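One letter stands for each residue in the lines below.
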Amino acid sequence: GAGVSQSPSNKVTEKGKDVELRCDPISGHTALYWYRQSLGQGLEFLIYFQGNSAPDKSGLPSDRFSAERTGGSVSTLTIQRTQQEDSAVYLCASSPNPVYEQYFGPGTRLTVT
Amino acid sequence: AQRVTQPEKLLSVFKGAPVELKCNYSYSGSPELFWYVQYSRQRLQLLLRHISRESIKGFTADLNKGETSFHLKKPFAQEEDSAMYYCALKGFGNEKLTFGTGTRLTIIP
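So the protein lines, in turn, are chains X and L.
Going letter by letter, the first sequence gives residues 1 to 113 in our numbering.
Going letter by letter, the second sequence gives residues 1 to 109 in our numbering.
Since the hints were derived computationally from the structure, they do not count as laboratory data.
Be a bit skeptical, because a hint or two may be false.
[Said to hold, decoys possible] Each computed DSBU-like pair below joins lysine-lysine, with the alpha-carbon atoms no more than 30 Å apart: (1) Lys57(X) / Lys17(X); (2) Lys11(X) / Lys9(L); (3) Lys90(L) / Lys57(X); (4) Lys22(L) / Lys57(L).
Nothing here was measured: the structure is a model prediction, and the numbers come from that model.
Chain X extracted, bound-state conformation (with noise of 0.2 Å):
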């Protein structure tokens, strides 16, 4: 089937607008991860989805960023007031077991003028 899809692939945006990340999962995973890929930096985690259990948050990098799942399906990163350092990949993963791998999907390249 399908593996992890997200959109848009790419994104220019102006610094101080708001910006909407998408990411489907592969059906049937119950857990699904939001990472950011900085220039030069490796991935960082920033939020974390596991069924109908309350997001792990710890990764957001500011109060600008939050994120929602909804229907236990599709998940939407958002992103306020974009900064310039919020330039980057940002990459979703999904999983059906938080035990199992995580499956990747191709990014979103988010770069803020």
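With chain X fixed as given, assemble chain L onto it according to the hints.
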């Protein structure tokens, strides 16, 4: 706190030569260690995890708790091994992955 260090940003190896990508970690408990790979224009994918003790595409990695290392090795490099390699750690009871900064491996024909 958990941390993963990959000391080499870039590594070039001749085809047929042995490859070793270094990974060191910091974690107070018993971690689970992974290697992920990203080939050009492809998405990040799991290469191997230490608990499965598999050899994937000729690569192996042994967890050395004494040295807190999880180096990735292959005896004979192939051109198709050129890619970005990330070492990652998952702590007990913590489902997020902590990644290193990655090593770009280039195999010279």
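Going through the hints against the structure:
1. Lys57(X) / Lys17(X): With a Cα-Cα distance of about 22 Å, the restraint between Lys57(X) and Lys17(X) holds, given a limit of 30 Å.
2. Lys11(X) / Lys9(L): holds, 27 Å
3. Lys90(L) / Lys57(X): With Cα atoms ~16 Å apart, Lys90(L) and Lys57(X) stay inside 30 Å; holds.
4. Lys22(L) / Lys57(L): holds, 18 Å
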